[in-house]
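Participant: Model the full assembly from the supplied sequences, consistent with the hints where possible.
Taken in sequence, the protein lines are chains Z and Y.
Numbering that gives the first Met the number 0 puts the first sequence at residues 0 to 404.
Numbering that gives the first Met the number 0 puts the second sequence at residues 0 to 404.
Because the hints were derived from the structure by calculation, they are not lab data.
The structure displayed is predicted, hence computed values, not measured ones.
Quick reminder that beta carbons are idealized off the backbone N, C-alpha and C, glycines included.
Incorrect hints may have been included.
To be verified - Capping the alpha-carbon separation at 25 Å, the derived lysine to any residue pairs in SDA-like fashion look like this:
no.: 1; chain 1: Y; residue 1: 302; chain 2: Z; residue 2: 68
no.: 2; chain 1: Z; residue 1: 302; chain 2: Y; residue 2: 68
no.: 3; chain 1: Y; residue 1: 203; chain 2: Z; residue 2: 149
no.: 4; chain 1: Z; residue 1: 166; chain 2: Y; residue 2: 61
no.: 5; chain 1: Y; residue 1: 392; chain 2: Y; residue 2: 21
no.: 6; chain 1: Y; residue 1: 163; chain 2: Y; residue 2: 233
no.: 7; chain 1: Y; residue 1: 140; chain 2: Z; residue 2: 14
no.: 8; chain 1: Z; residue 1: 203; chain 2: Z; residue 2: 31
no.: 9; chain 1: Z; residue 1: 308; chain 2: Y; residue 2: 63
no.: 10; chain 1: Z; residue 1: 161; chain 2: Z; residue 2: 233
no.: 11; chain 1: Y; residue 1: 195; chain 2: Y; residue 2: 172
no.: 12; chain 1: Z; residue 1: 137; chain 2: Y; residue 2: 137
no.: 13; chain 1: Z; residue 1: 31; chain 2: Y; residue 2: 61
What the hints assert, rightly or not - Simulated restraints on C-beta separations:
no.: 14; chain 1: Y; residue 1: 27; chain 2: Z; residue 2: 291; range: 54 to 64 Å
no.: 15; chain 1: Y; residue 1: 204; chain 2: Z; residue 2: 401; range: 16 to 26 Å
no.: 16; chain 1: Y; residue 1: 87; chain 2: Z; residue 2: 221; range: 22 to 32 Å
no.: 17; chain 1: Z; residue 1: 79; chain 2: Y; residue 2: 292; range: 33 to 43 Å
Protein chains: 2
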Amino acid sequence: MGIDYTRFFSSISLELRASDVRELLKLTEGKKIISFAGGLPDPRIFPKNELAEIARQVVEERGEQALQYSPTPGVGEFREELGRFLNSKGVKVGDEDALVVTTGSQEALYLAALALVEPGDTVFMEEPGYLAAINLFKALKADLVPVPVDDDGMDTDALEEKVKAAKREGRRLKLVYVNPTSNNPNGTTMPDDRRKHLLEIASKYDLLIIEDDPYSYFTFDDSIKFTHIKTLDGEGRVLYLGTFSKILVPGLRLGWVAGPEPVVAKIELVKQVVDLHSSTLSQYIALEAIRRGIVDRVISMAKSLYRRKRDLMLEALEIHMKGVASWTKPVGGFFIFLKVKGVDMRRLLFKAVERGVAYVPGDAFYITPGRGRNTARLSYSFVREDEIEEGIKMLSETIKEERPH
Amino acid sequence: MGIDYTRFFSSISLELRASDVRELLKLTEGKKIISFAGGLPDPRIFPKNELAEIARQVVEERGEQALQYSPTPGVGEFREELGRFLNSKGVKVGDEDALVVTTGSQEALYLAALALVEPGDTVFMEEPGYLAAINLFKALKADLVPVPVDDDGMDTDALEEKVKAAKREGRRLKLVYVNPTSNNPNGTTMPDDRRKHLLEIASKYDLLIIEDDPYSYFTFDDSIKFTHIKTLDGEGRVLYLGTFSKILVPGLRLGWVAGPEPVVAKIELVKQVVDLHSSTLSQYIALEAIRRGIVDRVISMAKSLYRRKRDLMLEALEIHMKGVASWTKPVGGFFIFLKVKGVDMRRLLFKAVERGVAYVPGDAFYITPGRGRNTARLSYSFVREDEIEEGIKMLSETIKEERPH
Numbered sequence: 000m001g002i003d004y005t006r007f008f009s010s011i012s013l014e015l016r017a018s019d020v021r022e023l024l025k026l027t028e029g030k031k032i033i034s035f036a037g038g039l040p041d042p043r044i045f046p047k048n049e050l051a052e053i054a055r056q057v058v059e060e061r062g063e064q065a066l067q068y069s070p071t072p073g074v075g076e077f078r079e080e081l082g083r084f085l086n087s088k089g090v091k092v093g094d095e096d097a098l099v100v101t102t103g104s105q106e107a108l109y110l111a112a113l114a115l116v117e118p119g120d121t122v123f124m125e126e127p128g129y130l131a132a133i134n135l136f137k138a139l140k141a142d143l144v145p146v147p148v149d150d151d152g153m154d155t156d157a158l159e160e161k162v163k164a165a166k167r168e169g170r171r172l173k174l175v176y177v178n179p180t181s182n183n184p185n186g187t188t189m190p191d192d193r194r195k196h197l198l199e200i201a202s203k204y205d206l207l208i209i210e211d212d213p214y215s216y217f218t219f220d221d222s223i224k225f226t227h228i229k230t231l232d233g234e235g236r237v238l239y240l241g242t243f244s245k246i247l248v249p250g251l252r253l254g255w256v257a258g259p260e261p262v263v264a265k266i267e268l269v270k271q272v273v274d275l276h277s278s279t280l281s282q283y284i285a286l287e288a289i290r291r292g293i294v295d296r297v298i299s300m301a302k303s304l305y306r307r308k309r310d311l312m313l314e315a316l317e318i319h320m321k322g323v324a325s326w327t328k329p330v331g332g333f334f335i336f337l338k339v340k341g342v343d344m345r346r347l348l349f350k351a352v353e354r355g356v357a358y359v360p361g362d363a364f365y366i367t368p369g370r371g372r373n374t375a376r377l378s379y380s381f382v383r384e385d386e387i388e389e390g391i392k393m394l395s396e397t398i399k400e401e402r403p404h
Numbered sequence: 000m001g002i003d004y005t006r007f008f009s010s011i012s013l014e015l016r017a018s019d020v021r022e023l024l025k026l027t028e029g030k031k032i033i034s035f036a037g038g039l040p041d042p043r044i045f046p047k048n049e050l051a052e053i054a055r056q057v058v059e060e061r062g063e064q065a066l067q068y069s070p071t072p073g074v075g076e077f078r079e080e081l082g083r084f085l086n087s088k089g090v091k092v093g094d095e096d097a098l099v100v101t102t103g104s105q106e107a108l109y110l111a112a113l114a115l116v117e118p119g120d121t122v123f124m125e126e127p128g129y130l131a132a133i134n135l136f137k138a139l140k141a142d143l144v145p146v147p148v149d150d151d152g153m154d155t156d157a158l159e160e161k162v163k164a165a166k167r168e169g170r171r172l173k174l175v176y177v178n179p180t181s182n183n184p185n186g187t188t189m190p191d192d193r194r195k196h197l198l199e200i201a202s203k204y205d206l207l208i209i210e211d212d213p214y215s216y217f218t219f220d221d222s223i224k225f226t227h228i229k230t231l232d233g234e235g236r237v238l239y240l241g242t243f244s245k246i247l248v249p250g251l252r253l254g255w256v257a258g259p260e261p262v263v264a265k266i267e268l269v270k271q272v273v274d275l276h277s278s279t280l281s282q283y284i285a286l287e288a289i290r291r292g293i294v295d296r297v298i299s300m301a302k303s304l305y306r307r308k309r310d311l312m313l314e315a316l317e318i319h320m321k322g323v324a325s326w327t328k329p330v331g332g333f334f335i336f337l338k339v340k341g342v343d344m345r346r347l348l349f350k351a352v353e354r355g356v357a358y359v360p361g362d363a364f365y366i367t368p369g370r371g372r373n374t375a376r377l378s379y380s381f382v383r384e385d386e387i388e389e390g391i392k393m394l395s396e397t398i399k400e401e402r403p404h
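Facilitator: Given below as structure tokens:
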């Protein structure tokens with residue numbers, strides 16, 4: 000047609016570019032490839048029959064409500080049930096809190112960020128850290144400050160130094176984004192003393208905290224104790240984000256944000272202009288799934304299935320990657336983070352895919368441009384058990400071919 | 000807790016305020032009141048049994064896909080079916096177009112606006128016009144220019160004058176938002192010559208057009224002929240927004256945007272950070288509902304049901320409002336727009352609700368502050384047939400009490 004649309008695009012849409020990795024991975028769809036790339040749940044834990052029956056029943060018996068528009072913050076009955084569910088899992092959602100149901104936890108993050116972050120506002124987060132959070136905060140032109148991580152997650156001493164420095168420089172301190180339990184991509188869980196330290200820092204320097212928590216419901220080792228930051232918070236500084244994607248099914252596209260009422264009220268207003276409300280039908284289905292104990296059953300299946308898969312991947316790494324790479328030992332979640340000496344894992348992806356194995360290049364999880372080129376995120380959640388070793392072997396061979404001798 | 004959260008809020012969230020009307024109408028929930036306020040579909044047209052069966056089947060037979068994450072632009076099979084559906088309804092979606100499935104058409108509008116509109120960009124739209132579009136463009140700090148309407152919808156001669164003036168003043172002309180068929184709140188449909196004129200203006204002054212079209216699928220009078228602006232567009236200037244909320248059910252929360260590929264590609268990138276994708280399950284259900292002809296059946300039921308309700312409301316207005324008010328005769332959609340001489344309909348709402356009848360004060364549909372205080376939007380879509388006359392009578396009495404004698 001000949002129109003050059005560039006002049007029509009807003010600055011946020013000029014900021015966003017199609018990810019080359021995503022495009023490359025799209026090419027693998029439907030091909031015979033062992034993919035450690037996406038963070039998809041294993042569909043074997045989807046409670047298909049139960050959800051089929053619930054869906055039928057909800058539409059037939061409560062269709063007038065379940066098929067209708069619903070309130071922006073979510074279906075009342077569902078929000079109450081979800082609040083009880085969270086409290087039963089040790090997430091304190093109290094009288095001074097409010098809760099908004101969202102279109103996946105991606106939307107919870109988006110709404111919270113949009114309600115809070117102004118271009119130039121300083122946001123602290125883990126490096127490496129959650130890819131989608133990095134992209135979002137960058138799109139909103141936040142002043143994004145990377146905080147180093149170790150085996151115990153975010154290094155809060157380093158955080159305090161970074162906060163101090165930012166304050167000295169007169170930057171507008173706004174919030175800390177943290178994924179403290181079964182971190183994506185690091186697989187780490189912050190001990191409670193760090194969580195308390197984080198809250199102290201937030202209090203001292205007047206920051207809010209976004210606790211992004213998709214994975215805490217099925218940590219693999221019950222001896223690992225932690226308390227949700229939301230629960231430790233005595234001042235009303237924490238927004239707690241969660242999702243049904245990992246504890247039920249992703250296809251309902253339901254997440255939530257819970258936190259201090261005045262902040263969540265703003266999030267509700269933002270949601271009203273963004274999508275008015277999330278799928279009513281999904282909410283009625285999730286409501287029944289909690290009530291009938293199906294969510295709890297999925298959680299317990301998830302725990303043993305993903306633990307088994309993690310163990311298989313760790314074993315395969317021991318066999319094929321020793322001396323080639325180092326890697327994290329995740330205490331929960333879907334991911335292992337790999338460090339390879341002297342190999343550009345972004346460049347290597349094309350060759351790996353040609354050989355038949357895919358992953359996400361780790362530099363996507365770094366805020367600082369150029370960092371993490373020698374890293375990769377491997378997901379064990381979706382891949383078949385009997386393909387894990389084969390995939391790791393192929394990846395190891397691809398790396399070995401590429402390594403400087 | 001004592002935290003003053005105000006300093007944490009972004010400028011967009013400070014811009015958004017809870018609507019007092021919405022708060023007042025919330026109070027009426029569950030009360031015995033005749034409400035002409037919301038634009039809800041009548042649940043009697045919800046195909047409950049069919050959707051219950053589809054939902055069960057889709058989850059049971061295709062659960063691995065229907066309960067899983069899905070691509071950002073939508074489930075491939077569903078997008079193809081939707082494209083065919085649109086073409087069958089006279090909406091030209093061609094090879095140079097792309098289509099993204101959204102979380103209701105509110106999200107379609109939000110994503111399009113976010114991808115295109117920078118603060119200060121000039122956006123033209125009908126006055127009175129669609130409330131949610133006004134709120135959104137204001138929140139994005141667009142330079143929103145009201146275009147007058149008459150019985151044939153947007154007055155394109157007036158539009159051209161406004162565009163010329165804005166160009167002379169050096170403003171950044173960006174787009175025209177228009178709801179051309181069965182307009183909300185005016186009930187008008189633009190004739191094709193105006194639609195062509197609109198496209199000429201867009202071409203001449205290099206503007207894009209957002210054609211927001213929730214109601215065209217069931218206009219009441221088949222003798223009223225119109226062509227979708229998207230279909231008349233030869234240059235790739237039109238983004239076409241639609242929704243399943245009125246032609247199937249709102250509870251699936253599905254809408255779409257179709258338009259020139261380069262623009263829709265940007266919308267897809269924005270959607271990726273906003274909510275990643277819309278409910279997969281909803282998409283599989285809607286897919287089957289189109290395939291099995293259920294959407295077409297709902298459309299034909301909608302047409303006769305809402306026509307009957309419109310007629311009942313017009314009759315009641317003739318009986319009770321003559322000499323008190325003037326009103327539109329909608330050719331489709333859910334709404335009648337009322338003008339009352341010398342009565343502030345926003346102030347009157349409280350009294351009306353006390354008496355037992357609710358509506359939306361019409362000034363909410365005006366861009367210019369202070370305009371439209373003597374107007375109201377009356378919805379006939381949800382209210383029971385046997386309550387329409389009673390409600391109009393109560394409203395008429397409330398107005399008469401208030402009128403200057």
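Participant: Work down the list of hints and note, for each, if the structure agrees.
Facilitator: Against the structure, the hints come out as follows:
1. The hinted pair formed by residue 302 of chain Y and residue 68 of chain Z meets the criterion: a straight-line CA distance of about 20 Å does not exceed 25 Å.
2. In summary, the hint linking residue 302 of chain Z to residue 68 of chain Y is supported, as the alpha carbons are separated by about 20 Å, within the 25 Å threshold.
3. Restraint check for residue 203 of chain Y and residue 149 of chain Z: the C-alpha separation of about 59 Å exceeds 25 Å, so the hint is violated.
4. Our distance criterion of 25 Å between C-alpha atoms is broken by residue 166 of chain Z and residue 61 of chain Y, whose separation comes to about 53 Å.
5. Between residue 392 of chain Y and residue 21 of chain Y the alpha-carbon distance is near 23 Å, which keeps this suggested pair within the 25 Å criterion.
6. Of the supplied pair hints, the one linking residue 163 of chain Y and residue 233 of chain Y holds, its CA atoms being roughly 22 Å apart against a limit of 25 Å.
7. The suggested pairing of residue 140 of chain Y with residue 14 of chain Z holds, with an alpha-carbon distance near 19 Å, which does not exceed 25 Å.
8. A hinted pair counts as satisfied when its Cα atoms are at most 25 Å apart, and residue 203 of chain Z with residue 31 of chain Z does not qualify at roughly 53 Å.
9. A distance of roughly 19 Å separates the Cα atoms of residue 308 of chain Z and residue 63 of chain Y; the hinted pair therefore holds under the 25 Å criterion.
10. At roughly 24 Å between alpha-carbon atoms, residue 161 of chain Z and residue 233 of chain Z fall within 25 Å of each other, so this suggested pair holds.
11. Between the alpha carbons of residue 195 of chain Y and residue 172 of chain Y the distance comes to roughly 19 Å, so the proposed pair stays at or under 25 Å and holds.
12. As the CA atoms of residue 137 of chain Z and residue 137 of chain Y are separated by approximately 24 Å, the hinted pair is consistent with the 25 Å bound.
13. Between the alpha carbons of residue 31 of chain Z and residue 61 of chain Y the distance comes to roughly 21 Å, so the proposed pair stays at or under 25 Å and holds.
14. At roughly 33 Å, the beta-carbon separation of residue 27 of chain Y and residue 291 of chain Z lies outside the given 54 to 64 Å, and the hint is violated.
15. Remark: the range hint 16 to 26 Å for residue 204 of chain Y to residue 401 of chain Z is contradicted by a beta-carbon distance near 55 Å.
16. At about 56 Å, the CB distance of residue 87 of chain Y to residue 221 of chain Z disagrees with the hint of 22 to 32 Å.
17. Judged by the Cβ atoms, the range 33 to 43 Å given for residue 79 of chain Z and residue 292 of chain Y holds: they are separated by roughly 38 Å.
Hints 3, 4, 8, 14, 15, 16 from the earlier list are contradicted by this structure; the remaining hints agree with it.
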